[in-house]
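Engineer: These protein sequences, in sequence, are chains H and X. 39 is the number of the first residue of the first sequence in the numbering used here; add one for each residue after it. 39 is the number of the first residue of the second sequence in the numbering used here; add one for each residue after it.
No lab work stands behind these hints, which were simulated from the structure alone. Remember, predicted model here, so these are calculated numbers, not experimental data. Any given hint might turn out to be false.
Stated by the list, open to error - Selected chain H positions facing chain X (in silico; Cβ < 10 Å):
1) 79
2) 85
3) 108
4) 194
5) 356
6) 364
Using N, Cα and C, we set each Cβ at its ideal position, and we do this for glycine too.
2 protein chains.
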Amino acid sequence: MNFKILHNDNLARTAILEFPRGSIQTPAFMPVGTHGTVKSLSPDELHQSGAEIMLSNTYHLYLRPGSEVIKNAGGLHGFVNWQHPILTDSGGFQVFSLAKLRKIEEHGVWFQSHIDGSSHFIGPEESINIQKALGADIIMAFDECTPYPSTYEYTEKSLELTTSWAAKCREIELSNQSLFGIIQGGMYKDLRERSVSEITSMGFDGYAVGGLSVGEPKEMMHDLIRHTVPLLHVDKPRYLMGVGDIVDILTAVEAGVDMFDCVMPTRNARNGTLFTSQGRMNIKQSSYRSDLSPIDSSCSCYTCRNFSRAYLSHLYHSKEILSMRLNTIHNLHFYFDFFVKMRQAINENTFKEFKSYHEGSALKLPQGV
Amino acid sequence: MNFKILHNDNLARTAILEFPRGSIQTPAFMPVGTHGTVKSLSPDELHQSGAEIMLSNTYHLYLRPGSEVIKNAGGLHGFVNWQHPILTDSGGFQVFSLAKLRKIEEHGVWFQSHIDGSSHFIGPEESINIQKALGADIIMAFDECTPYPSTYEYTEKSLELTTSWAAKCREIELSNQSLFGIIQGGMYKDLRERSVSEITSMGFDGYAVGGLSVGEPKEMMHDLIRHTVPLLHVDKPRYLMGVGDIVDILTAVEAGVDMFDCVMPTRNARNGTLFTSQGRMNIKQSSYRSDLSPIDSSCSCYTCRNFSRAYLSHLYHSKEILSMRLNTIHNLHFYFDFFVKMRQAINENTFKEFKSYHEGSALKLPQGV
């Protein structure tokens, strides 16, 4: 992996992340393909929509179909036929949020599969070994995503566990995979500082900020982003995990974040909520039933070029699969187009104006919700 | 519409049906897009899979989104963005099979919507007027699909109703739409003969055989196909409604049928049943979980070129939408490829051998069922 910063506009920056499988322009949005596929899209469509990298979930793929099947298929790239970069998470977040009957030990976590109740153990070694079998271009250290709210004492203990696990992950030999460390520390600035200091001292290929967007107030999240991100090495990629709201992204990019992942555009699409240059709209609303205009007349996506709101309304109400697919294509196009424009603004030193303008339209009340 | 017979191999024939929107090579398979979309596919994918014409259901589109919305969108072609020929059925079959509280009168049928229970009346005039608004290239006369089993007396009365409705449909002026008459007569050969005589005397653009594949034994169906189809005008297209099993298609083509529609390839795909040159297989079967070969190594479809059985098994078990889509692409490709080869066999006067060979592989027990 090669990371080249192209331009700085105050703390915001554009860069390029280079891998043998392709380059990623940052700030970058990584759509989520939990089971190796971004729901409803083929890999071709995903790439055509503008995605340069996809995120997949280690926890889900480990449980089904299992890392052995994927390894034998030539890794996740071969298995799902996505020939561009992939990032896998460590599985930690899902072990803590989806699995049942967790038991946290020094070396990892015992848990029961949410699919069939079977018993499993994942710790730092197991996580990295699974991620080696999956073969993603970027893999993540195993951490505990500290829940919100947590006491100072719990957060500190959780941070120490994350640090010790990070050290174990760092020791494992890797070839052709980049390993990112994860900063925790909950909502406490001094613990965030301590986590940055401990994790960055280990020398990872990049750094993620985890444990945000877990239920805390927006202002608290923004404050912690502004406090934590500038402490990270300037010359390494910075990834804000699980944050995808447009306003949050703008705040994070302003603080120097390079990478994002979130289910927001894709999950919303499946529920009929569409992003437009005029704010959100919900295709369920009855006024769209006979509306022959596209979702967004300024949008050039496949959906907007070919189909009307009336047809999308019909597909939604008829529970047609094509509804989810056309909506997903549109919402992802909206996100990638937003990131293209954001990078352009940074390159032209107009990010501040860009941020003000888009905070305005993103905050507009959803139409029809 | 222009219908040109290209070649006869005994009663089987190849022909071309020409419309301003495109030509259809027959024998032809028409995939079913009930709500105007073949489930999970975009119009582009449907055309790329080999479809030259799509069937849509008048009953469903009349109830939702309503013919007015579709008319305002430039007809069904504009609404769903399918720029090739479309055939709409008359709505009769669904009124009799899906709607509640039917009341059959001389001029049509009162029924309650299966969606919201609202009350509607459709007779021959209403059906043709809805189909004019939808704007399909081929539209169908309104008929009663006689249920199985029915007594001779009921079947005769039903036939008379269908004849009187056909006459009313025939009187309505049409522009740029071809109207097909429908033969009924249940399982009684003399009533089939009477229906052929009455319906063909009205001079429709083509003729459909309805009321088969409604639960009767296969041999009875085949016997009636062999008896009825050769009675129809040789120089008009012949359409066997709702029949899509490979063995039934072979029997019907041998008797001179030109057009077919059925949900078989698409519905089976969504349930994980796949058609292959070696018979059927079910992707649910556990042996496919680690099977890295394609569905059918002799198949050139998008799914077989890009994905393994192991991945399709994973998508199916993970309930991913992409599962339905990739399976549908494969099954439709199988059907269209089968029709290409069948037309070639007719053109080379080897249809008899083709039929024997494919009856053999189609009758193989489904793998994994």
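Engineer: If you check each hint against the structure, which ones fail?
Structural biologist: Of the numbered hints given earlier, those the structure breaks are 2, 4, listed in rising order.
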